[in-house]
Amino acid sequence: MTTVETATGEAKTMVLNMGPQHPSTHGVLRVLLELDGENIVKAVPDLGYLHTGIEKSCEHLTYSQAITLTDRMDYLNPLGNNLVYCLAVEKLLGLEVPKRAQYIRVMMVELQRISSHLVWLGTHAIDLGAMSVFLYCFREREEILKIFERFAGQRMMTSYIRIGGIAVEPPAGWRQMVNGVLKMLPSRIDEYETLLTENRIWMARTKGVGYIKPEEAVAMSMTGPTLRAAGISYDNRKAFPYSSYEEFEFDVPTRTDSDCFGRYMVRVAEMRESLKIIKQAMEKITDQGPIKAEAPGIVPPQREKMKTEMEALIYHFKIFTEGFSPAPGDAYVTVESPRGELGCYVASDGSPKPLRVHFRSPSFINLQALPNIIQGQLIADAVACIGTIDIVLGDVDR
Amino acid sequence: MSEGVSQNAQVVVEHLRTWNAQAVAEVVEFHGETTIVVPREHLRAAAERCRDHLDFNLLSDATCVDRYPLEPRFELNYHLTSLPKSSKIRLRVRVSGSDPVVDSLIPVWPGAGWMEREIFDLMGLRFNGHPDLRRILLPDDWEGHPLRKDFPTQGFRDVPASASYLKKAST
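Line order of the protein sequences matches chains A and B. Under this note's numbering, the first residue of the first sequence carries the number 562, and numbering increases by one thereafter. Under this note's numbering, the first residue of the second sequence carries the number 7, and numbering increases by one thereafter.
Next comes chain B alone, as it looks inside the complex (with noise of 0.2 Å):
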């Protein structure tokens, strides 16, 4: 897996960087899985690029990750895979805290549509055309985002010490 980027990941990335220059900002090579850094305006028509013509078919994943106190503090990872040529790639988009905005890709994957509500639910990041961003895990009067790194594991709930319990029945 040290040889650099595979074959057809290979193929992928010289293909979008064809089609447009801009599209690809960097491409990262791990352990022989290869992202593809998209700018955020470029993600929707560089997602129907790897529909069309790569046949990436199967969305398989959208997740995000926090990497707060760092900016830009949100990384997208698009996980797709290609069900004719068996293959893996990851699109990801760098989002700052600010400005927490994307294109929703239902119109590329209509399959996306609850992971983007999954992602605005416990992220708080917010998908353009979207037809139904609602939170979907948590109650709807919830207040914050969980997964994002400022909020604390135990909550921001105020929960009373057991002791003082005790103290207001004794006296």
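This is chain A alone, in the form it adopts within the complex (with noise of 0.2 Å):
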């Protein structure tokens, strides 16, 4: 690598502050590069301008009442946050959740795979200079949304699933409206990669851009896309299938390349096989059934029950003023995000509140990683870099 040399002979670089406020970095992210010329030597990144304590705040609420905070952690997949919060809460109460629950849950975290992806690769390839794949991915993401605003009555900050089970029962007519993004979205799928697969422009930015060693990736504890694009096939939902995920018939998209386009390519196939995913869980699901498990004083009694029977009143009354009190131990749940893995870790110590609760957010260690997947490369690749890794920086500083 050549230096430039000041006037005095010695080598110099120069320090360029990237972030917080930036366009590129998906939040506020903040990159202290050490450039010579184009090329970066060091990269810094800074964090924490969106921490907000969630973990602290965790602590001061009852277990119920802790869902709500986990929406807002990664805001592009609070279906998944809550699935994992709830998965935790339940395996340290020995609750088993009932199947029709659970299949909705795999369904809805898939429908907010799709809806994930369609933002990272919407807001990576306005990054690189493709402006209307980021209008047609968001033009798709909003008929997902539409389904979640049905479901749960909101579009982002869902809290749909509880523990013990789900809110409530799916609204009518809700397999009209998922068959009908099921069968818009392979067609556009097949849209988004004509533009963009063979796009010399394309290949040029992301091919050999952003490589990281496989072994490298493992050491750095990096999981998701990232890491089934450099070979390694690690998926929570095969290798430790949760709310029966061990039923469901789907592959496990892997390349080799380790670099921006693999990474793109191994994103654009797990679109197609939550696809497959959501269809068979669609199947399964019984138009009856109980979305909610039998635990009087942990679950809330349904409001008919409520009105007849003393006891369904008097655990009403105690869920929601004191909760309910887990026995001491902790437990530690790990989900596939659209990220990577999605860890909960809950210790309890036989009060109505959590001990502790802690989550292993996959944007920010992912992003641990990206001063030795952007150093030696161009700045203008940077942007790539930090698109490929998928951060969202509500994940990263909770």
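Incorrect hints may appear among the rest.
[To be verified] Between beta-carbon pairs, the in silico distance windows are:
{"hint": "1", "chain 1": "A", "residue 1": "Lys866", "chain 2": "B", "residue 2": "Arg132", "range": "50 to 60 Å"}
{"hint": "2", "chain 1": "A", "residue 1": "Leu756", "chain 2": "B", "residue 2": "Glu32", "range": "49 to 59 Å"}
{"hint": "3", "chain 1": "B", "residue 1": "Ser92", "chain 2": "A", "residue 2": "Lys774", "range": "18 to 28 Å"}
{"hint": "4", "chain 1": "A", "residue 1": "Gly792", "chain 2": "B", "residue 2": "Asp58", "range": "14 to 24 Å"}
{"hint": "5", "chain 1": "A", "residue 1": "Gln936", "chain 2": "B", "residue 2": "Asn14", "range": "36 to 46 Å"}
{"hint": "6", "chain 1": "A", "residue 1": "Pro775", "chain 2": "B", "residue 2": "Glu32", "range": "33 to 43 Å"}
{"hint": "7", "chain 1": "B", "residue 1": "Glu32", "chain 2": "A", "residue 2": "Glu807", "range": "27 to 37 Å"}
{"hint": "8", "chain 1": "A", "residue 1": "Gly690", "chain 2": "B", "residue 2": "His21", "range": "50 to 60 Å"}
{"hint": "9", "chain 1": "A", "residue 1": "Gly655", "chain 2": "B", "residue 2": "Ala27", "range": "30 to 40 Å"}
{"hint": "10", "chain 1": "A", "residue 1": "Asp848", "chain 2": "B", "residue 2": "Asp58", "range": "48 to 58 Å"}
{"hint": "11", "chain 1": "B", "residue 1": "Glu32", "chain 2": "A", "residue 2": "Ser912", "range": "18 to 28 Å"}
{"hint": "12", "chain 1": "B", "residue 1": "Ser104", "chain 2": "A", "residue 2": "Ala765", "range": "51 to 61 Å"}
[Stated by the list, open to error] One side of the interface only, derived from the structure: several residues of chain A facing chain B at Cβ under 7 Å:
{"hint": "13", "residue": "Lys617"}
{"hint": "14", "residue": "His621"}
{"hint": "15", "residue": "Ala780"}
{"hint": "16", "residue": "Met781"}
{"hint": "17", "residue": "Ser782"}
{"hint": "18", "residue": "Tyr795"}
{"hint": "19", "residue": "Gly890"}
{"hint": "20", "residue": "Ala892"}
{"hint": "21", "residue": "Tyr906"}
{"hint": "22", "residue": "Arg921"}
[As the list claims (entries may be wrong)] Below, a sample of chain A positions facing chain B; criterion: calculated Cβ distance under 10 Å:
{"hint": "23", "residue": "Gly614"}
{"hint": "24", "residue": "Gly655"}
{"hint": "25", "residue": "Glu777"}
{"hint": "26", "residue": "Phe925"}
Hints are computed from structural coordinates only; laboratory data are not their basis. Think of the CB as a built atom: it goes at the ideal place given N, C-alpha and C, for glycine as much as any other residue.
Using the hints, put the two chains back together into the complex; each one sits in its own frame.
Take a look at the structure:
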């Protein structure tokens, strides 16, 4: 690498501040770049601009109240956050969730995965100069958000998955809505591919950019599409199945090129796999059946029961005032979020409030490898590399 | 899950015991999860053993629990995952509040770097041999470690009540 020489003959580099207010950092990420001309010598990420102390706040709420906070971490994957927290608390309680609720959870989380990948694809493409893909992706994402709105009453902060099941029965006509999206998406994904995959500019901007060695990716604890694009087929849905994922048939797409292009191909293939899972889940979901576990004192009773049974009214009152107290112990659950391995650690000391809630957020851990990825690259490729890791700053800073 | 320590975890525990009997202080089994409590001085060696001989190649997470006012108040949990064998294990180290220092696991898994910085930032534990132990989420001039149990949720900063502002405005 050549270095700039000053009049006195000494080599000199320049430090550039990228962010926190920079459109390609996808939020408020600041990266200090040491530059030699256009080449990056060293990169130091600086984060914490969105830190809101969610883990501390969880310790001061009851177990069920904390669900609303999990929505606000990774705001492109609120259902996945709900799911991992509820799974951890359910493990702590030893609670069995009805199959019907599990399948509905799977369907919702997979819809969420597609919508998250659509946002990723759109923003990544606009970072690299392909404006129209962004508009197309957001158009399709809107259809998925409409489904969430019908199911949960909210487009983004859904809080739909609750401890012991899901919040409410699916709305009337939900099959038609989901079928509509299932019919629309395959041709639309093909459309994105015709716009990008063989596009010469896209290939020039992504192929060979942001390479990381597979063993280095594992050592840096990277997970998700980034690890799978490096040829390591690690997916929590297959390795440690949760919520009945073992009953679904799907593939885990992998690539061996481990660059921005490989990660793009993996994510596009994942969207297609998610469609398969949703289709299977819809067949498994029956029209009738329980959506919540039978667990008096933990799961709120049905509204009708409260009006006729004294016990139900007492449980309702106790759940919403005092909460419930799991036995002392701890549980760690990992799920596959669109960004990688999302983990939740919950420790109980036998009181109605958690002793400790910790989230292993995939964005935070994956971002750690950014300096390794962009070292020696051009500054324009730094934008591609930040985009390709798919970070959500709410998830990084919590 | 009630049949006790699951098969693979049993192998791990046996392996560590035969390697160094002192490295396994206690084995905790709860809801199918196995926790191996390791004395502080054996942590790095035990972690290396897990990586090299038991295929735990991915450090999934590192986190800390504060059990104040109990002593030793800190409980460090390392969640290890083995990609080839699809198994998980938890290593736990108990650390007292008077001397909250542990060996850094960066030589074993470089990915531990930011996890340890987060624990240092929010819990105030220090890691021996960490090359860049700075605050990561909070500003550099922040005082205290907010995830400790003796740190109030509202923080220490004195915020004047709105009533006193009104009083000032009216006089």
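Checked hints:
1. A:Lys866 - B:Arg132: 50 to 60 Å: At roughly 53 Å between Cβ atoms, Arg132 of chain B and Lys866 of chain A fall inside 50 to 60 Å, so the hint holds.
2. A:Leu756 - B:Glu32: 49 to 59 Å: Check passed, 58 Å falls within 49 to 59 Å.
3. B:Ser92 - A:Lys774: 18 to 28 Å: With a Cβ separation near 23 Å, Ser92 of chain B and Lys774 of chain A satisfy 18 to 28 Å, so the hint holds.
4. A:Gly792 - B:Asp58: 14 to 24 Å: holds (22 Å)
5. A:Gln936 - B:Asn14: 36 to 46 Å: Cβ of Gln936 of chain A to Cβ of Asn14 of chain B: about 37 Å, so the range 36 to 46 Å holds.
6. A:Pro775 - B:Glu32: 33 to 43 Å: holds (36 Å)
7. B:Glu32 - A:Glu807: 27 to 37 Å: holds (32 Å)
8. A:Gly690 - B:His21: 50 to 60 Å: holds (53 Å)
9. A:Gly655 - B:Ala27: 30 to 40 Å: holds (33 Å)
10. A:Asp848 - B:Asp58: 48 to 58 Å: The hint (48 to 58 Å, Cβ to Cβ) holds, given that Asp848 of chain A and Asp58 of chain B are roughly 53 Å apart.
11. B:Glu32 - A:Ser912: 18 to 28 Å: holds (24 Å)
12. B:Ser104 - A:Ala765: 51 to 61 Å: With a Cβ separation near 58 Å, Ser104 of chain B and Ala765 of chain A satisfy 51 to 61 Å, so the hint holds.
13. Lys617: For Lys617 of chain A, the interface hint holds, since the closest Cβ of chain B sits about 6 Å away, which is under 7 Å.
14. His621: The hint holds - His621 of chain A has a Cβ within 7 Å of chain B, the shortest such distance being about 5 Å.
15. Ala780: At 5 Å from the nearest chain B Cβ, Ala780 of chain A passes the 7 Å test, so the hint holds.
16. Met781: Since the shortest Cβ distance to chain B is 4 Å, the answer is holds.
17. Ser782: holds (3 Å)
18. Tyr795: Where the cut-off is 7 Å and the nearest Cβ of chain B is about 5 Å from Tyr795 of chain A, the hint holds.
19. Gly890: holds (4 Å)
20. Ala892: Where the cut-off is 7 Å and the nearest Cβ of chain B is about 6 Å from Ala892 of chain A, the hint holds.
21. Tyr906: holds (5 Å)
22. Arg921: Holds, about 4 Å.
23. Gly614: Holds - the Cβ of Gly614 of chain A comes within 10 Å of chain B, reaching about 6 Å at its closest.
24. Gly655: holds (7 Å)
25. Glu777: holds (8 Å)
26. Phe925: Constraint on Phe925 of chain A satisfied, holds at 7 Å.
Of the numbered hints listed earlier, not one is contradicted by the structure.
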